[in-house]
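Q: Chain residues, written in single-letter form:
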Amino acid sequence: MAVVTGTGSDTRNPIARLWGNKKARSVIVQIVTMAVVFGVLALLYRNVVVNLAAIGKEFSFDFLNAPSAYDITFSPFIEYNSRSTHLRAAAVGILNTLLVASCGIVLATVMGFIMGVLRLSKNWLVNRTVYCFLEFTRNVPVLLHILFIHGLVVTQLPVPKQAMNFADSFFLTNRGFFFPAPVPEAGFWIVATVFAISVVFVIAFGRWAKKVQDETGRTYPVFWISTGAIVAATAVAFLAAGMPLSWEAPALKGFNFKGGVAIKPEFIALWLALSYYTSCFIAEIVRAGILAVSYGQTEAAYAVGLRPNRTLQLIIIPQALRVIVPPLASQYLNLTKNSSLAIAIGYMDVVATIGGISLMQTGKEMETMMIVMLTYLVFSLIIAGFMNWYNKKMALVER
Amino acid sequence: MKPIHAIAAAAAVAALALSAAATAGTLDDVKARGVLRCVVSTGIPGFAYPDANGVWKGFDIDFCRATAAAVLGDPKKIKEVTATGKTRFTLLNAGEGDVLWRNTTITFSRDVGVKLRFHGVNYYDGQGFMVKKSAGIKSATELDGASICIQTGTTTELNLADYFHSNNMKYEAVTIETNDEARQNYVAGRCDVYTTDASGLAATRSTFANPDDHVILPEIISKEPLGPATRQGDAQWSDIITWVLNATITAEEKGITQANLDDMKNSKDPEVLRLLGVEGNQGKELGLSKDWAYNIIKAVGNYGEIFERNIGVKTPIGLERGLNALWTNGGLQYSPPFR
Numbered sequence: 001m002a003v004v005t006g007t008g009s010d011t012r013n014p015i016a017r018l019w020g021n022k023k024a025r026s027v028i029v030q031i032v033t034m035a036v037v038f039g040v041l042a043l044l045y046r047n048v049v050v051n052l053a054a055i056g057k058e059f060s061f062d063f064l065n066a067p068s069a070y071d072i073t074f075s076p077f078i079e080y081n082s083r084s085t086h087l088r089a090a091a092v093g094i095l096n097t098l099l100v101a102s103c104g105i106v107l108a109t110v111m112g113f114i115m116g117v118l119r120l121s122k123n124w125l126v127n128r129t130v131y132c133f134l135e136f137t138r139n140v141p142v143l144l145h146i147l148f149i150h151g152l153v154v155t156q157l158p159v160p161k162q163a164m165n166f167a168d169s170f171f172l173t174n175r176g177f178f179f180p181a182p183v184p185e186a187g188f189w190i191v192a193t194v195f196a197i198s199v200v201f202v203i204a205f206g207r208w209a210k211k212v213q214d215e216t217g218r219t220y221p222v223f224w225i226s227t228g229a230i231v232a233a234t235a236v237a238f239l240a241a242g243m244p245l246s247w248e249a250p251a252l253k254g255f256n257f258k259g260g261v262a263i264k265p266e267f268i269a270l271w272l273a274l275s276y277y278t279s280c281f282i283a284e285i286v287r288a289g290i291l292a293v294s295y296g297q298t299e300a301a302y303a304v305g306l307r308p309n310r311t312l313q314l315i316i317i318p319q320a321l322r323v324i325v326p327p328l329a330s331q332y333l334n335l336t337k338n339s340s341l342a343i344a345i346g347y348m349d350v351v352a353t354i355g356g357i358s359l360m361q362t363g364k365e366m367e368t369m370m371i372v373m374l375t376y377l378v379f380s381l382i383i384a385g386f387m388n389w390y391n392k393k394m395a396l397v398e399r
Numbered sequence: 001m002k003p004i005h006a007i008a009a010a011a012a013v014a015a016l017a018l019s020a021a022a023t024a025g026t027l028d029d030v031k032a033r034g035v036l037r038c039v040v041s042t043g044i045p046g047f048a049y050p051d052a053n054g055v056w057k058g059f060d061i062d063f064c065r066a067t068a069a070a071v072l073g074d075p076k077k078i079k080e081v082t083a084t085g086k087t088r089f090t091l092l093n094a095g096e097g098d099v100l101w102r103n104t105t106i107t108f109s110r111d112v113g114v115k116l117r118f119h120g121v122n123y124y125d126g127q128g129f130m131v132k133k134s135a136g137i138k139s140a141t142e143l144d145g146a147s148i149c150i151q152t153g154t155t156t157e158l159n160l161a162d163y164f165h166s167n168n169m170k171y172e173a174v175t176i177e178t179n180d181e182a183r184q185n186y187v188a189g190r191c192d193v194y195t196t197d198a199s200g201l202a203a204t205r206s207t208f209a210n211p212d213d214h215v216i217l218p219e220i221i222s223k224e225p226l227g228p229a230t231r232q233g234d235a236q237w238s239d240i241i242t243w244v245l246n247a248t249i250t251a252e253e254k255g256i257t258q259a260n261l262d263d264m265k266n267s268k269d270p271e272v273l274r275l276l277g278v279e280g281n282q283g284k285e286l287g288l289s290k291d292w293a294y295n296i297i298k299a300v301g302n303y304g305e306i307f308e309r310n311i312g313v314k315t316p317i318g319l320e321r322g323l324n325a326l327w328t329n330g331g332l333q334y335s336p337p338f339r
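Chain order of the listed sequences is A and B.
Residue 4 in the working numbering is what sits at position 4 of the first sequence, and the numbering runs on without skipping anything.
Residue 61 in the working numbering is what sits at position 61 of the second sequence, and the numbering runs on without skipping anything.
No wet-lab data here; the hints were simulated from the structure.
In this text, a Cβ means the ideal position worked out from N, Cα and C, and glycines have one as well.
There could be a bad hint or two in this list.
Simulated pairs of lysine-lysine, DSS-like, Cα-Cα distance not exceeding 25 Å [as the list claims (entries may be wrong)]:
1. B/Lys290 x B/Lys314
2. A/Lys161 x B/Lys76
3. A/Lys161 x B/Lys265
4. B/Lys265 x A/Lys253
5. B/Lys254 x B/Lys223
6. B/Lys265 x B/Lys284
7. B/Lys57 x A/Lys337
Simulated coverage check for chain A against chain B, where a stretch passes if three residues somewhere in it have a Cβ under 8 Å from a Cβ of chain B [what the hints assert, rightly or not]:
8. 70 to 84
9. 281 to 292
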């Protein structure tokens, strides 16, 4: 009897043999997966085309140039009225989303870092209080926080006629927080120019100070000198130009306060709720980041004679940031996307304007939703791109 | 990567080639399902709201029940698909509901742009304003600078913009997703004014602890003909909805009520006999049973009965018939003849 060996003896059919080959198998699986993905996409696309045709709708963005016919009261950046186009309404919404997202990110970061550090405090009371707050906040849906804060603002603050009055210039009511608006007068450009020049000077000074430190080891109190220089230069210019700035105080006329700057309760509620909600996640990320830096690093820093402040600044934080930044990015994305809950309390963001009223009035569901989705996609990609860049900058540089 | 492209292209073509499941008419769908799905509001007292037992009641709901009685012979076989002002048309057009009975204003852009079919007016309404009595406002022309609470996705916000624009007044629009939230903001004093259709104002006021503390201003700033809607492109279903509404109005014109319904079968009026299916075969022509209109009136009564039971002067809503009286009584409700 002859012993048969080798691959030539495989009597299975060719497909089974191909499946037996690891490389071929992986290609087949990829092909099938791609086919399924594209198939589903094609099916969805076809569904849209067929269904739009069935109800006689055409896919077109022409409606963007038609007058919107509705009012948006909160439009701090661009002029808008009911005669403006849907495109402009979309722009107002996008800017409002951008405003609440950026303000939210700043506040959430500040609050998150503070609470993250407090969470590590050796003081039992501080540590536990923050812990309870974090756990409570994180485990309640953000929509409830938004409605809660909005409810507080609207029901607990007084109506305009009984506004809380601070020195006849600042008013707190359930229609918003009103404060005087700065009105630049002739010659204000001098102050602005001096301010800009001082900023440029301070940046140059910072670079020079770093160079000196690198070469000689001498350090300057850069922060204090910089701040002092900017404040002093601007103040001198302001006085020299004859104080070219006046204030327009808000005053109660008819139903509401007129003049000054108003921060609407809808904005306050959305901003605060999104910020403190997100800051709780950030606090945990910060705590994890700091704990991830081994205590040996601190001891080593002390051993070479660094003071605690400098240790934190130069040793702990840079290393902690490497752990903190990537998850921080996803919290920023969450905050931005959560801002779409704005319509619940009547903050006119992109979902409420183009994705809400415009959608309703024109019946262009596909088109308006695509604009809204694209808006969030672009915002998210920008945030992700920036955080990736920052992460690279902070990453460990191997030598 | 080329083979993958080829396969993907093939898959795409295959998907495109797959024919859609033949879409039966809405009538056949409803009959096959055995339940009529009505798009209704998320809750407006008197018009569409769940009672203490979770059973939906109201003016719009009764018309939904009338439709179910006509199509399925049973007014209980309905499913309420609740929709906000913003989602209602999308739900209807996506096929989540069969018919929309949800105090919806008939407008050109909704008929033509949103691609709906409207089938007559079951309530003639107009937009009004409600303010707190303590504000001492007597007319809408005094509202310059006021904060106004509105529900988003309604004709209300467009009328409001037009009214203030043409009268050269300013206002702060507080635009909120649901009627309920808008109402709460008004109560809390976030707004000076609450605006919606006059019927909605009356309905909302009836839910306040002290309805007398609020006044509805005399100005009606718009025409709001409220009526049922369906998707475009189903002529048979459109006919059914149109004639369900007409049947209730004709019944009132002819004095047919829930109480005298069976006696009316012996009427000498041929139109009554046609309506109740004693003579002719109008039911069959609609694709319904012979006694479709009989079932409607048996279930919910005629137009006047539906009105008085849900929103009439004897209810907490307390609306007068006004424009919604029969044409013979100086109103606008008028049905084409059953001939």
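Q: Would you mind marking each hint as holding or not holding in the structure?
A: Checked hints:
no.: 1; hint: B/Lys290 x B/Lys314; verdict: 34 Å, violated
no.: 2; hint: A/Lys161 x B/Lys76; verdict: 51 Å, violated
no.: 3; hint: A/Lys161 x B/Lys265; verdict: 65 Å, violated
no.: 4; hint: B/Lys265 x A/Lys253; verdict: 67 Å, violated
no.: 5; hint: B/Lys254 x B/Lys223; verdict: 28 Å, violated
no.: 6; hint: B/Lys265 x B/Lys284; verdict: 18 Å, holds
no.: 7; hint: B/Lys57 x A/Lys337; verdict: 38 Å, violated
no.: 8; hint: 70 to 84; verdict: holds (count 7)
no.: 9; hint: 281 to 292; verdict: violated (count 0)
When the structure is compared with the earlier hints, violations turn up for hints 1, 2, 3, 4, 5, 7, 9 and for no others.
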